[in-house]
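Participant: This is what each chain is made of:
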Amino acid sequence: MAVDEGLKIELGKQGVFVTTIEELYNWGRRSSIWPMQFGLACCAIEMIATTMARYDLARFGAEVFRPSPRQADLMIISGTVTKKMAPQVVRLYNQMAEPRYVIAMGACAISGGPFKQGYNVLKGIDRYIPVDVHIPGCPPRPEALLQAFMTLQKKIDGQPLTGPDRPRFLDAEAQGEFPVPVQGEHDLEPTSNPGVWTVPVVIR
Amino acid sequence: MASSPYFSLAVLFVAALGFGLTPLGLAWLWGRVFSPAKPNAVKNAIYECGLESRGDAWMQFRSAYYLYAIIFLIFDVEAVFLLPFAVAFTGLGAAACVAMLVFVLMLIEGLAWAWAKGVLTWA
Ligand code: SF4
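Going down the list, the protein sequences come from chains A and B. In this text, residue positions in the first sequence follow the numbering used here: the first is 1, and each later residue adds one. In this text, residue positions in the second sequence follow the numbering used here: the first is 1001, and each later residue adds one.
Here chain A stands alone, though its shape is the one from the complex:
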């Protein structure tokens, strides 16, 4: 049962704070998104800059970069994912405790970027794991990463605790394991996870 927004503001003016468990829970989660300490290429330098004093990621409660996937909430794919590295990235994602989020930072993480034609570059990490926020750029500026954080916070804020729209980690039926690809003869096998990515149809 939701309290009317206007009534809430009115009550707030009188010093009465009204909330729901859902709101409180989402507020707690979005205010302490701990990223995983993990950089892949040039974009990682911008990620590091974002955490420093000038851009101050600490304002979002997200300055605690965890060196272990078990303690991290957010994976920032900051850079080129080579096919050699992709299985490790997917395995680390699997080892993160839920709820877990992914930001694909930069052209490389989204699509392979400048190296898209390379035989050894994965054409977007969203082929294997669900990505919450994509930020374009080569590299994206720290402001863009902050924008991605704010977008993610908005997304978390809107997630219901119950009902059919509830996020994956609250749904007992939803997929919890994302298959780790293996190095095949010519490519990673499988080349994508159909559960999170549909192969686009090329129209000629």
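Each hint should be verified, as a subset may be incorrect.
Below 25 angstroms or equal to it, Euclidean Cα-Cα: the simulated DSS-like pairs (lysine-lysine) are [as the list claims (entries may be wrong)]:
no.: 1; chain 1: A; residue 1: Lys154; chain 2: A; residue 2: Lys8
no.: 2; chain 1: A; residue 1: Lys84; chain 2: B; residue 2: Lys1117
no.: 3; chain 1: A; residue 1: Lys123; chain 2: A; residue 2: Lys84
no.: 4; chain 1: A; residue 1: Lys116; chain 2: A; residue 2: Lys155
no.: 5; chain 1: B; residue 1: Lys1117; chain 2: A; residue 2: Lys155
no.: 6; chain 1: A; residue 1: Lys123; chain 2: A; residue 2: Lys83
no.: 7; chain 1: A; residue 1: Lys83; chain 2: B; residue 2: Lys1117
no.: 8; chain 1: A; residue 1: Lys84; chain 2: A; residue 2: Lys116
no.: 9; chain 1: A; residue 1: Lys8; chain 2: A; residue 2: Lys155
I should point out that these hints are in silico values taken from the structure, not numbers from a laboratory. Bear in mind that the values here come from a model prediction, so they are computed numbers and not experimental data.
Fit chain B with the ligand to the given chain A structure using the hints.
Facilitator: For chain B with the ligand alone, coordinates are given in the frame of chain A:
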């Protein structure tokens, strides 16, 4: 009972226990009600560096590493003992001096051994 001098202590103890256990209990309850556990083999793997662990952790180390241990003792641990020895030197009896001498001699022996083994030459 309330007159016992330990009563307030007991109250504080229970409060402290509750302070610690309540969040844990709430978190457990939250997990039971809302978030289903989804363990799987990849998630529960012991190694957290992205790679799969392989082989046995109970392997043997090369005994050649004893040289590092000797060098560490001579240049690091010895200094820790030499400093208080030097400070208290004037007030020491003969027995203490001899004991220290034996200790230093033993380490010098190790140094000579390492030297003879060519550990101290780099290029
Ligand atoms: S998007 Fe550009 S800056 Fe980022 S990893 Fe790729 S090449 Fe480097």
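Participant: All hints, please: hold or fail.
Facilitator: Verification of the supplied hints:
Taking the CA atoms of A:Lys154 and A:Lys8, the gap is near 20 angstroms; set against the 25 angstroms cutoff, the hint holds. Between the alpha carbons of A:Lys84 and B:Lys1117 the distance comes to roughly 42 angstroms, so the proposed pair goes past 25 angstroms and is violated. In summary, the hint linking A:Lys123 to A:Lys84 is supported, as the alpha carbons are separated by about 13 angstroms, within the 25 angstroms threshold. Of the pairs offered as hints, the one joining A:Lys116 and A:Lys155 is violated, with about 29 angstroms between alpha carbons and a cut-off of 25 angstroms exceeded.
Distance restraint check for B:Lys1117 and A:Lys155: the Cα-Cα separation of roughly 65 angstroms exceeds the 25 angstroms cut-off, and the hinted pair is therefore not satisfied. Pair hint A:Lys123 plus A:Lys83 holds up; C-alpha atoms about 9 angstroms apart against a cutoff of 25 angstroms. Distance check on the hinted pair: A:Lys83 and B:Lys1117 sit about 46 angstroms apart at the alpha-carbon level, beyond 25 angstroms; violated. Among the hinted pairs, A:Lys84 with A:Lys116 is consistent with the structure: their alpha-carbon atoms are about 15 angstroms apart, no more than 25 angstroms.
Distance hint between A:Lys8 and A:Lys155 is fulfilled; the C-alpha atoms sit about 22 angstroms from each other, no more than 25 angstroms.
Comparing the model with each earlier hint shows violations of hints 2, 4, 5 and 7; every other hint is respected.
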